[in-house]
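Asks: Construct the entire structure; sequences and hints are all you get.
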Amino acid sequence: MIMRPRHLTSWNQVKEAIDLLQKLNHTAQAVYFPLASAMNYQLLLQSLSSNLLKEAQKFTDYNMRAYFVRKINKTFKNLSQVEDPKILETGIKKNEELLGVLTRQVTLNNIYPSGKSVIE
Numbered sequence: 001m002i003m004r005p006r007h008l009t010s011w012n013q014v015k016e017a018i019d020l021l022q023k024l025n026h027t028a029q030a031v032y033f034p035l036a037s038a039m040n041y042q043l044l045l046q047s048l049s050s051n052l053l054k055e056a057q058k059f060t061d062y063n064m065r066a067y068f069v070r071k072i073n074k075t076f077k078n079l080s081q082v083e084d085p086k087i088l089e090t091g092i093k094k095n096e097e098l099l100g101v102l103t104r105q106v107t108l109n110n111i112y113p114s115g116k117s118v119i120e
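Taken in order, the sequence shown gives residues 1 to 120; the numbers are from the UniProt record's numbering.
Keep in mind the hints are simulated off the structure, nothing from the lab. There may be inaccurate statements among the hints.
Unchecked claim - Here are the simulated PhoX-like pairs of lysine-lysine, each with C-alpha atoms no more than 25 Å apart in a straight line: (1) K54 - K93; (2) K77 - K54; (3) K94 - K58; (4) K58 - K74; (5) K74 - K54; (6) K54 - K71; (7) K74 - K93; (8) K77 - K58; (9) K71 - K94; (10) K86 - K71; (11) K77 - K93; (12) K94 - K77; (13) K54 - K116; (14) K58 - K86; (15) K58 - K116; (16) K94 - K74; (17) K77 - K116; (18) K94 - K116; (19) K71 - K116; (20) K71 - K58; (21) K74 - K86.
Stated by the list, open to error - Label pairs and their in silico Cβ distance ranges: (22) I111 - E83: 36 to 44 Å; (23) E83 - P113: 41 to 49 Å; (24) K86 - S114: 22 to 30 Å; (25) Q57 - T90: 19 to 27 Å; (26) T60 - D84: 35 to 43 Å; (27) E97 - Q42: 17 to 25 Å; (28) S114 - K74: 21 to 29 Å; (29) K71 - L44: 13 to 21 Å; (30) G100 - N63: 35 to 43 Å; (31) S47 - R104: 16 to 24 Å.
Heads up, the beta-carbon is just placed ideally off N, CA and C, and yes, glycines get one too.
Replies: Laid out in structure tokens, this is it:
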């Protein structure tokens, strides 16, 4: 047996209250889910940025290391200001590909190291 709340005097009021709660729930989802996805994108960008920077620090050549650190910082500074999810998804995909390329380049750079530069 379904019991109605005591402060509602009729089943019509119960139905109206349920409808209102459902409308509020849909409104809340429309507001909070894009915000949550934007926050997830920012967390994903931070994680990807730190992974790229860690990988860039593995270069033995100073010039390549400095170049990639500069490039990564500039790219993620620009991406952190973007709010469009489609652009963020594209940027994340490109930078995930860059992480793979960077990993392979670090491996090659460590297999065939160059001489020390004057700066080092």
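Asks: Is K77 close enough to K116, meaning Cα to Cα at most 25 Å?
Replies: Measuring from Cα to Cα gives roughly 31 Å; hence the hint is violated.
Asks: Sort out whether K54 lies within 25 Å of K74, counting only the CA atoms.
Replies: holds (16 Å)
Asks: Compare the distance between the alpha carbons of K77 and K93 with 25 Å, and conclude whether the hinted pair is satisfied.
Replies: Answer holds: K77 to K93 is near 16 Å, not above 25 Å.
Asks: Please check whether E83 and P113 have a Cβ separation lying inside 41 to 49 Å.
Replies: Because 42 Å falls inside the window, the suggested range holds.
Asks: Mind checking the alpha carbons of K54 and K116 for me, to see if they're no more than 25 Å apart?
Replies: holds (21 Å)
Asks: Going straight from one Cα to the other, do K94 and K74 come out at no more than 25 Å?
Replies: holds (14 Å)
Asks: Take a look at whether the Cβ-Cβ distance between S47 and R104 falls inside 16 to 24 Å.
Replies: holds (20 Å)
Asks: Taking 25 Å as the top limit, are the C-alpha atoms of K74 and K86 close enough?
Replies: The given pair, whose Cα atoms are some 20 Å apart, holds under the 25 Å limit.
Asks: Checking one constraint from the list: CA of K77 to CA of K58, max 25 Å. Satisfied?
Replies: holds (22 Å)
Asks: Taking 25 Å as the top limit, are the C-alpha atoms of K54 and K71 close enough?
Replies: holds (13 Å)
Asks: Hint says 22 to 30 Å; check whether the CB-CB distance for K86 and S114 agrees.
Replies: Roughly 40 Å apart at Cβ, these two residues miss the hinted range, so it is violated.
Asks: Note whether the CB distance of T60 and D84 lies within 35 to 43 Å or breaks it.
Replies: holds (38 Å)
Of the numbered hints given earlier, the model fails hints 14, 17, 18, 24, 30; all others are met.
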